[in-house]
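*Asks:* These are the residues of each chain, in order.
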Amino acid sequence: MSTATLVTAPLATAGKLFAFGADVVLGVFRRPFQVREFIQQAWFIASVTIIPTALVAIPFGAVIALQAGSLIQQFGAQSFAGSAAVLAVVREAGPIATALLVAGAGGSAIAADLGARKIREELDAMMVLGIDPIQRLVVPRVLACMLVAVFLNGLVSVVGVIGGYAFNVVLQGGTPGAYLASFTALAQTADLYQGMAKALVFGFIAAIVAAYKGMHADGGPRGVGQAVNEAVVITFLLLFLANFVMSALYFQLVPAKAL
Amino acid sequence: MGVEVRVEGLTKSFGKQTIWRDVSLTLPAGQISVMLGPSGTGKSVFLKALIGLLKPDEGHIFIEGTDIATCSERDLYDIRKLFGVLFQDGAMFGSMTLFDNVAFPLREHTRKTETEIREIVMEKMSMVGLVGAEDKLPGEISGGMRKRAGLARALVLEPEIVLFDEPDSGLDPVRTAFINQLIVDLNAQIEATFLIVTHDINTARTVPDNIGLLFHRHLAMFGPREMLLSSEEPAVRQFLNAQTIGPIGMSEEKDADELAGENHDLLPPLPPIPLQLLPTDGRPRPTQAPPGAWCVANGVTPPPGSFLDDGTALGASASRQPVSSGGAA
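Protein sequences appear in the order of chains Z and F.
Per UniProt numbering, the first sequence starts with residue 1, numbered consecutively.
Per UniProt numbering, the second sequence starts with residue 1, numbered consecutively.
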């Protein structure tokens, strides 16, 4: 392989992924919309992600309560423990935990499913029958993944806040009233919206990468395993990058609440 | 009536590796053609290029005036409705029952009611002998049944062109004979243009009207069955008679030294050309030429013993007089 191709190969892959994403976005507006497939997939993705998400959210909330709580204690600002925990969970922990689970559980399932169809020539068969697999299979999966990601984000926020509350009040001897009262001291409604927006984008990226990798699986069962693996790794990289960009944008666009 | 497929100067390569170059042939409307070739010569790639799943680097594929190699994605999806394709393992949708699999193209492309769909699906299922298995999942049936189910799905939209990707791979000789008989019966019934990709010699010798041979990255020969079966061209002769002497080696084509070392005087004589497989009812297909007609028309003497009804060929029981080489053809 020449130096030129070494440099351009990753660019070409990125370009193909982008083109694939554009195809999917166009496919969303093409009729008929596959309602059945969308509902089935949403149900499927939810069923593989809900329980792990809830289980991850509890220690996530607790760890934030622990870190923020002890730091705040040193400043002598225990009354703000609740507000710090809420801010951290809603702004960052929620979307990040959602990202991990959507990519790890939902994305891997999508990549494995489409990869298996690809190597069994089901996708070729579908194209030959005059049906576009992007419109028939990928669009419903992407939309389902986005919907489920938003719900998961809500779930993580609620479970994380409850976990943090329990940890703070029961184990760290915090005051329940003060914890609850400080909820809105720093957090604002815009925080919830940005969490949802992040979850939507994460769901989109995870599903696009998984579908792209799955549909380009090659070389038998081993190729499917490789596609799933690559899909999860690439999704993680992209999601953390997207999270950083969106957080930075949010701080520029929405002024922090004055104390 | 089937549609003619005209391929002109088709070339395809993956990276630096040329798969085949300058392939030109015409699949005559309504006839059965077979594409042969040693393993790894790009037979399946050729088939995928014909349906537009792979874009060739150069050349044209004309079907009803549309060039598949250059037309838009939208035209491609339209032209594909003329095709029925049987994939190697059937390519059934794993999450659907056989019935839903066969009904799938109807539900996606037509506005037929469920009753009409059931009628059509059951008709195709009985054509391929799968009545009673319609509620099974593809994972629960044998490879031969999956192939037949794939065939039923390929036929459900009344295709004008049917492509078979190795219909005999992984099947025992009896099942292969049955699927060959099925192919011949179907051609007689729906009169579509058939193209079979295979490397089974017996299929190639008895089923098609035309044979093509892909070898050494080009199309070695394409023409009527009798032309190839009586051909003295080394690669064609070697492949169609499954011999070790000839230009085709174990892994690739042999080099000049190896070829020169072989004693071509010891080549066994060409075996007799067998009778073509007839439909089950014993009447020749409308597009089928009488046995020996090509040899007579081109003044070729077929190998001794050709076109004799030895009673072994399935469905060849109805006696048909071979055209004698001296008689009027």
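Hint data in this document are derived by calculation from the structure and do not stem from the laboratory.
Values in this document were obtained by computation on a predicted structure and should not be read as measured data.
Don't take every hint at face value.
As the list claims (entries may be wrong) - Cβ pair distances, simulated, as ranges:
{"id": "1", "chain 1": "F", "residue 1": "N298", "chain 2": "Z", "residue 2": "T5", "range": "31 to 39 Å"}
{"id": "2", "chain 1": "Z", "residue 1": "A4", "chain 2": "F", "residue 2": "M96", "range": "56 to 64 Å"}
{"id": "3", "chain 1": "Z", "residue 1": "G223", "chain 2": "F", "residue 2": "D172", "range": "36 to 44 Å"}
{"id": "4", "chain 1": "F", "residue 1": "S142", "chain 2": "Z", "residue 2": "T8", "range": "45 to 53 Å"}
{"id": "5", "chain 1": "Z", "residue 1": "Q40", "chain 2": "F", "residue 2": "T115", "range": "24 to 32 Å"}
{"id": "6", "chain 1": "F", "residue 1": "N298", "chain 2": "Z", "residue 2": "T13", "range": "21 to 29 Å"}
What the hints assert, rightly or not - Taking lysine-lysine and the DSBU-like style, the derived pairs with C-alpha atoms no more than 35 Å apart in a straight line are:
{"id": "7", "chain 1": "F", "residue 1": "K112", "chain 2": "F", "residue 2": "K136"}
{"id": "8", "chain 1": "F", "residue 1": "K136", "chain 2": "Z", "residue 2": "K16"}
{"id": "9", "chain 1": "F", "residue 1": "K124", "chain 2": "F", "residue 2": "K81"}
{"id": "10", "chain 1": "Z", "residue 1": "K257", "chain 2": "F", "residue 2": "K55"}
{"id": "11", "chain 1": "F", "residue 1": "K124", "chain 2": "Z", "residue 2": "K16"}
{"id": "12", "chain 1": "F", "residue 1": "K81", "chain 2": "F", "residue 2": "K136"}
{"id": "13", "chain 1": "F", "residue 1": "K112", "chain 2": "F", "residue 2": "K55"}
{"id": "14", "chain 1": "F", "residue 1": "K124", "chain 2": "F", "residue 2": "K136"}
{"id": "15", "chain 1": "F", "residue 1": "K55", "chain 2": "F", "residue 2": "K81"}
{"id": "16", "chain 1": "F", "residue 1": "K81", "chain 2": "F", "residue 2": "K16"}
{"id": "17", "chain 1": "F", "residue 1": "K124", "chain 2": "F", "residue 2": "K55"}
{"id": "18", "chain 1": "F", "residue 1": "K16", "chain 2": "F", "residue 2": "K55"}
{"id": "19", "chain 1": "F", "residue 1": "K16", "chain 2": "Z", "residue 2": "K257"}
{"id": "20", "chain 1": "Z", "residue 1": "K118", "chain 2": "F", "residue 2": "K81"}
{"id": "21", "chain 1": "Z", "residue 1": "K118", "chain 2": "F", "residue 2": "K124"}
{"id": "22", "chain 1": "F", "residue 1": "K136", "chain 2": "Z", "residue 2": "K257"}
{"id": "23", "chain 1": "Z", "residue 1": "K118", "chain 2": "Z", "residue 2": "K257"}
{"id": "24", "chain 1": "Z", "residue 1": "K16", "chain 2": "F", "residue 2": "K55"}
{"id": "25", "chain 1": "F", "residue 1": "K112", "chain 2": "F", "residue 2": "K81"}
{"id": "26", "chain 1": "F", "residue 1": "K112", "chain 2": "F", "residue 2": "K124"}
{"id": "27", "chain 1": "F", "residue 1": "K81", "chain 2": "Z", "residue 2": "K257"}
We put the CB at the ideal spot given by N, CA and C, even for glycine.
*Asks:* Given the hinted pair K118(Z) and K124(F), is their alpha-carbon gap at most 35 Å?
*Replies:* holds (26 Å)
*Asks:* What's the verdict on K16(F) and K257(Z), does the C-alpha distance respect the 35 Å limit or exceed it?
*Replies:* Given that 35 Å is the threshold and the Cα spacing comes to 61 Å, the pair is violated.
*Asks:* Would you check the hint for K257(Z) and K55(F), treating anything up to 35 Å between C-alpha atoms as holding?
*Replies:* violated (58 Å)
*Asks:* Holds or violated: K16(Z) and K55(F), Cα atoms, limit 35 Å.
*Replies:* Holds, at roughly 17 Å.
*Asks:* Please work out if K16(F) and K55(F) have their alpha carbons no farther apart than 35 Å.
*Replies:* holds (16 Å)
*Asks:* Is the hinted pair K112(F) and K81(F) satisfied, with a Cα-Cα distance of at most 35 Å?
*Replies:* Answer holds: K112(F) to K81(F) is near 16 Å, not above 35 Å.
*Asks:* Is 31 to 39 Å right for how far apart the beta carbons of N298(F) and T5(Z) are?
*Replies:* The hinted range 31 to 39 Å is violated for N298(F) and T5(Z), with Cβ atoms some 51 Å apart.
*Asks:* Taken at face value, is the distance from the CA of K136(F) to the CA of K112(F) at most 35 Å?
*Replies:* Roughly 23 Å separates the two Cα atoms, so the pair holds.
*Asks:* Is it true that the C-beta distance of A4(Z) to M96(F) lies inside 56 to 64 Å, as the hint says?
*Replies:* violated (46 Å)
*Asks:* Is 21 to 29 Å right for how far apart the beta carbons of N298(F) and T13(Z) are?
*Replies:* Violated - the Cβ-Cβ distance for N298(F) and T13(Z), about 54 Å, lies outside 21 to 29 Å.
*Asks:* Can you confirm whether the C-alpha distance between K112(F) and K124(F) stays at or below 35 Å?
*Replies:* holds (16 Å)
*Asks:* Can you confirm whether the C-alpha distance between K118(Z) and K257(Z) stays at or below 35 Å?
*Replies:* violated (51 Å)
When each numbered hint is compared with the structure, violations occur for hints 1, 2, 3, 6, 8, 10, 11, 19, 22, 23, 27.
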